[in-house]
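Novice: So the chains spell out like this:
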Amino acid sequence: MNDVFSLLSVIESCQKIEGRKKLQKLVYILKEGGGPFHYSYSFHLYGPFSADLKQDIDTLVKEGLVLEREVDCGEGGKAFTYQINASNPASSEIQKRLPKLAENLRRDAEALNKEAAAVLEAASTVVYLRRHQLQAGDERQRFRALKPNLEQVFDAAKQLADRYCPAPEPAARS
Amino acid sequence: MGNGAGKARMTLMQSPSGSMPNSTARVESASTKDPSSQPAPAAGQSSSGGTRVRPRGKVFRDPVHGLIRIDPRDEFILDLIDTPVFQRLRRVRQLGVSSLTYSGAEHSRFSHSMGVFNFAQRILETLRRRYASDRAVLGYLDGHERVAKAAALLHDIGHGPFSHLFERFPGITVDHERKTTELITSGAAEIGIADVLSRNRISPQEVAGVISKTSEHRLVVGIVSSQVDADRMDYLLRDSMMTGVQYGLFDSEWLLNAMCICREPGTAIETDPVKAPLGWRLALDESRGLRSAEQMICARLHMTQQVYMHRVTRGYEMLLLFIFALVKEKLNNPAVWSGVPSPVRFFFENLGKVPPTEWLAFDEAAMTSALQAWASLKEPELAQLARYARGYVWRERCLSAYRLASPGGGSMTAGMEVLASLGQLGLRRDVDWGLDDNKTLPYKGVIASANGRDSEERSALSVMLGSGNPLDVGVFAESRSEMLRAWDDKLERESRLFIDKQCEKKAEQALNQAGWNKEGES
Numbered sequence: 001m002n003d004v005f006s007l008l009s010v011i012e013s014c015q016k017i018e019g020r021k022k023l024q025k026l027v028y029i030l031k032e033g034g035g036p037f038h039y040s041y042s043f044h045l046y047g048p049f050s051a052d053l054k055q056d057i058d059t060l061v062k063e064g065l066v067l068e069r070e071v072d073c074g075e076g077g078k079a080f081t082y083q084i085n086a087s088n089p090a091s092s093e094i095q096k097r098l099p100k101l102a103e104n105l106r107r108d109a110e111a112l113n114k115e116a117a118a119v120l121e122a123a124s125t126v127v128y129l130r131r132h133q134l135q136a137g138d139e140r141q142r143f144r145a146l147k148p149n150l151e152q153v154f155d156a157a158k159q160l161a162d163r164y165c166p167a168p169e170p171a172a173r174s
Numbered sequence: 001m002g003n004g005a006g007k008a009r010m011t012l013m014q015s016p017s018g019s020m021p022n023s024t025a026r027v028e029s030a031s032t033k034d035p036s037s038q039p040a041p042a043a044g045q046s047s048s049g050g051t052r053v054r055p056r057g058k059v060f061r062d063p064v065h066g067l068i069r070i071d072p073r074d075e076f077i078l079d080l081i082d083t084p085v086f087q088r089l090r091r092v093r094q095l096g097v098s099s100l101t102y103s104g105a106e107h108s109r110f111s112h113s114m115g116v117f118n119f120a121q122r123i124l125e126t127l128r129r130r131y132a133s134d135r136a137v138l139g140y141l142d143g144h145e146r147v148a149k150a151a152a153l154l155h156d157i158g159h160g161p162f163s164h165l166f167e168r169f170p171g172i173t174v175d176h177e178r179k180t181t182e183l184i185t186s187g188a189a190e191i192g193i194a195d196v197l198s199r200n201r202i203s204p205q206e207v208a209g210v211i212s213k214t215s216e217h218r219l220v221v222g223i224v225s226s227q228v229d230a231d232r233m234d235y236l237l238r239d240s241m242m243t244g245v246q247y248g249l250f251d252s253e254w255l256l257n258a259m260c261i262c263r264e265p266g267t268a269i270e271t272d273p274v275k276a277p278l279g280w281r282l283a284l285d286e287s288r289g290l291r292s293a294e295q296m297i298c299a300r301l302h303m304t305q306q307v308y309m310h311r312v313t314r315g316y317e318m319l320l321l322f323i324f325a326l327v328k329e330k331l332n333n334p335a336v337w338s339g340v341p342s343p344v345r346f347f348f349e350n351l352g353k354v355p356p357t358e359w360l361a362f363d364e365a366a367m368t369s370a371l372q373a374w375a376s377l378k379e380p381e382l383a384q385l386a387r388y389a390r391g392y393v394w395r396e397r398c399l400s401a402y403r404l405a406s407p408g409g410g411s412m413t414a415g416m417e418v419l420a421s422l423g424q425l426g427l428r429r430d431v432d433w434g435l436d437d438n439k440t441l442p443y444k445g446v447i448a449s450a451n452g453r454d455s456e457e458r459s460a461l462s463v464m465l466g467s468g469n470p471l472d473v474g475v476f477a478e479s480r481s482e483m484l485r486a487w488d489d490k491l492e493r494e495s496r497l498f499i500d501k502q503c504e505k506k507a508e509q510a511l512n513q514a515g516w517n518k519e520g521e522s
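Keeping their order, the protein sequence lines are chains D and U. Heads up: the first sequence is residues 1 to 174, going by our numbering. Heads up: the second sequence is residues 1 to 522, going by our numbering.
The set of hints was computed from the structure by calculation and includes no laboratory data. In this text, all values refer to a predicted model and were calculated from it rather than measured experimentally. Ideal Cβ positions, reconstructed from N, Cα and C, are used throughout, including at glycine. Treat each hint with caution, since some may be false.
[Unchecked claim] Here are a few chain D residues that face chain U, going by a calculated C-beta distance under 8 Å:
1. VAL4
2. TYR39
3. SER42
4. GLN55
5. ASP58
6. GLU63
7. LEU65
8. LEU129
9. ARG131
10. HIS132
11. GLN141
12. LEU146
13. PRO148
14. ASN149
Next up, chain U with everything else stripped away, as it sits in the complex (with noise of 0.2 Å):
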């Protein structure tokens, strides 16, 4: 999976095969005060007051990408990787508790982002050898790829301790994706990342805007932010690689080598240059790309099935949110703030809105240090929420995982019978027992789901196919593809219920009259 790791001198930085020129052939943007379309600054010199340069760029190691190389030009990428807002990323691992299931699943969102960055920039490098003598095309990249490279970055700043699970907590709003613009855009001195974007004429909007999905340049949105992006490209490769399933491997360098642009289909050729890149679209090269993105879509398929839902990590991720509903319910508790870091203590007394400053403390250290705490809680009030912790620190098995017996239908209805029955019984919702609703949609295209029925989706992922010219329309990928046609808009839903072993017993036969049986225990 690596891509010529150990044949680069690690000190001597090269420029990436067909690397930016140095931004000659801008075209002009359609706000002169865009300062995404200002020229970088030249190589080796410093955005920064001269303080920090670095003429022959520098290089990282990777373990999925061999070496990411950052070229002189983008220093800014480096500034970025540098603020604390970045770094903490080290200290949120990308599968959250898979590691209680994949002992080798100790992968950060640092590494992930810098994967991303990488495969974003792989991605350009690609579009400009294709496109070396269309000067629009040229002008546009070199106008946008700064802007680019920051989104893939970025992207993952705002993920919380536990990455995805933290977006389940019942009762407290916590968005991700909310949280990385509103950290782009922060004028706070302690972030930083409006600062060093702003010193690069880089507009921290226009960042935040390619990954809010609400930029009109839907090629940027589509490289950061689509089904074959370079964010799935990396953690499908590094989840794989890292928790040591085979999975999620897929033909990456084919995938690079197969992306084009297209026109968006329902759009007219454009003739105006500032206007015509707004409906181009990233595509695949119709004559090579669609059988490796059929294989990425399937890679996708198969990790979220056998690692992301894996039922030993779903069920630490229902004991953690059981952890969490018993810690909201005792804030006023001072027993249950001793030894716990104040972040964490100002996440739960706040509904999570942590401010900037506590931000950078909110991380996994924060939240272990926390639970090592209540492990040792000895109020007999809070021996359950004592015993869970326990359970999660020191992986014991303190739930048990039922399935229905006639999987994929249903689901919803026995959900609701149940959470009516286990409540008779004197059962809590959320504290008890929980249901955990899995959800997957293996490909998400326009044509099942446009159909008379959801115009709302015409903008979806759907991968588009290209003849690489960017003048001419292109086709989306499922009407070439039987495959993703019969994966369109087919939702696989499957549903767990997680109890407390210690009330099993009563509710085993609730249980078994609504038609869950027992699977396994976590």
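Next up, chain D with everything else stripped away, as it sits in the complex (with noise of 0.2 Å):
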């Protein structure tokens, strides 16, 4: 439960996280920042991917805490954006009441959302790759093997991951 509370004020703190995909890389990038989340994350085709976090946005929407809107991104895809459902009274009195981000944990939340979620994709599996000890070698040939199809966005999200997941792991922040 204490992942909701951050997790609602994360969405709070960039208003619209538009694609379920942008979601999951940025809460990710964020935990491994050090932020306030302890969802599990394992590895899947589009990179880490934790099935609680998927599990706690479902439950939100269901409970009308958080408003989920398909959007349509041309060529016939479709996506789903985020936010506070603040027509709901129940969700402006949580947010009034619920235990405020870092102010720093915010300013990031923003500005990776900001971000096209191909490169958080590939921003959240190179910090994969180097969480799990596993970038031995030739960082860009191993993400390479895992993402042929994001290699012209890796140094872009190299520069991510070295900013806001530095090695050695940082502290836990509130």
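The two chains are supplied separately, each in an independent frame; assemble them into the complex guided by the hints.
Specialist: Put into structure tokens, the structure is as follows:
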């Protein structure tokens, strides 16, 4: 449940998060940068993925605390956006009472939300490889083996990983 | 549940049926530098300089498997078992504090890891038997089965004391899977895993890749980690046996017998002999495997509901979390550290980052010593910590459990509301009271989760059914099973609230108003 409070604060800071993938990777990068999340992540087709986070967001939507909207993203593709359900009195009441995220975390969440989902997917993959000590040898080569379609954003991803999740792992922030 | 215990002689090692030929039919690996593709040392020939030759191999007695056999060609497994970091698992219990509920649940991660190794070994044997005339499959197994066996054996070496409990510690980042890969690839002499693997021409990175699921060899990953993997097969049977419940039983022999290889849906037939196996998935023979898979998935759901999420167990876990939160608050009080083993202090002071030298002694023996030291604290400012620690050590009932009157609906809103109400009463979350959010997903399939919503989960761990021919595309089991379809992506979620009995009177009215009813004590 502690994760849910932080998750709501992140969504509130970002105002709107476009896409499930972006939400997953954004929370992962914040977590690995020392953010107050305990979601368990494993490596899926599009990089680190947390079934727990997916379940939490689904429950928040079901209980009317978060709004999920399906939007067209061109070429027949669809994406889901997430924002706090301001019209739900319970939601706005909870917002007032929730412990606030640290200012630097709010800033990080906002900045990461401005990145493309593909860049966040690549950055979270770089972080995942580093955290699991799997980057030995050429990091780019290892990345390419997992994400051949994202090689063009590897440099941008590496910069994000260096900036938000520097090694060694930082102490947890609240 | 045994498989012939008592029929075999303890000292005589026979090759497991269908065991590998001596690495004669290997396919070329994609990387010539990949040590995992190198042939194993010949039987009886020690990889460690001829000092530990066991020409007949070794057997271990096990309550679930009867006998676990280590083939002479797998002597590296014995070397891995002998490392201090693996021996440490004897002092980490598989079910953490569950023995306070089920008195028999004292089994360790050590015995579970041995069991996972054996199931992985038997899955590989099944595949060898089934594909005895398929050179491509046999060649692939020659090149990768030692990685699979090592990954199965080592998959839990990163577990902290009380197993999964430590991953719920507030404000501390602990992840057993990440710790496992760190230990496997660590060059630290006191850990020694990477050294044993490298000496035996097995890549530590490849083993770590299987455990972290970043390996492109999905067949191997599926043996160690999927919905019908060696890990689940062992823990369900072992936990069931040691707790004395019957919920975790399933027909493991039939399930093993049904294992085969299929081609990943959505992939084309690959003619390149190196790339083709990358499209292989572990599957169950469609004509015989489905019912035993359903039985196993049902067993896991019932074990979760009846054993893993038992109120008393979860209550003592919450009590430990309260204790750890109090210790974290009092880090600078020297009395807290009197009589506490140094790895425990190191863990708290460094927010969960334990270096290899301390890790070897960071186990439940050290944590129990610390809890006993905290239980005897006399300082008034540490009274709550001492009372909680006594509650754990002497199994006293310190907490009351509450549940929502209408379970399943509105749990998050109710959780947030109670957070605000109890906060106004001056009660501290994670010290005086805490929310325990139990989530269970009976089956994670591809069909429901894909459904236009979660393309992310297309690589989910769906059980595959296959014809038995590795060239044939597999089908998702949920497409053939009404039971799995009904459970696919159906989250069961129930929240409990635990509160210090000494604060209960103060909070009772607020709890009842928010819809929380008393369930019991623990």
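Novice: Answer holds if the nearest beta-carbon of chain U is closer than 8 Å to that of ASN149(D); otherwise answer violated.
Specialist: Given a least distance of 14 Å, the restraint on ASN149(D) is violated.
Novice: Verify the interface restraint on GLN141(D): the C-beta must sit less than 8 Å from at least one C-beta of chain U.
Specialist: 10 Å, violated
Novice: Answer holds if the nearest beta-carbon of chain U is closer than 8 Å to that of HIS132(D); otherwise answer violated.
Specialist: Since the shortest Cβ distance to chain U is 4 Å, the answer is holds.
Novice: Given a cut of 8 Å on the nearest C-beta pair, is the interface hint for LEU65(D) held or broken against chain U?
Specialist: 6 Å, holds
Novice: Would the stated hint for VAL4(D) survive a check requiring a Cβ distance to chain U of less than 8 Å?
Specialist: With Cβ-Cβ at 6 Å, under 8 Å, it holds.
Novice: Quick check on GLN55(D) please, does its C-beta sit within 8 Å of some C-beta on chain U?
Specialist: Constraint on GLN55(D) satisfied, holds at 5 Å.
Novice: Taking 8 Å as the limit, does the beta-carbon of ASP58(D) come near enough to a beta-carbon in chain U?
Specialist: ASP58(D) check passes; min Cβ-Cβ to chain U is 7 Å, inside 8 Å.
Novice: Less than 8 Å between beta-carbons is the criterion; does LEU146(D) satisfy it with respect to chain U?
Specialist: 6 Å, holds
Novice: Given GLU63(D) was flagged as interface, is its beta-carbon under 8 Å from a beta-carbon of chain U?
Specialist: 5 Å, holds
Novice: Would you check whether TYR39(D) satisfies its interface hint, that is, whether its CB is within less than 8 Å of any CB in chain U?
Specialist: Not OK, violated: TYR39(D) not within 8 Å of chain U, min 10 Å.
Novice: The hint names SER42(D) as touching chain U; please verify it with the least Cβ-Cβ distance against 8 Å.
Specialist: With Cβ-Cβ at 6 Å, under 8 Å, it holds.
Novice: Taking the closest Cβ pair, is LEU129(D) under 8 Å from chain U?
Specialist: 7 Å, holds
Hint check: violations occur at hints 2, 11, 13, 14; the rest are consistent with the structure.
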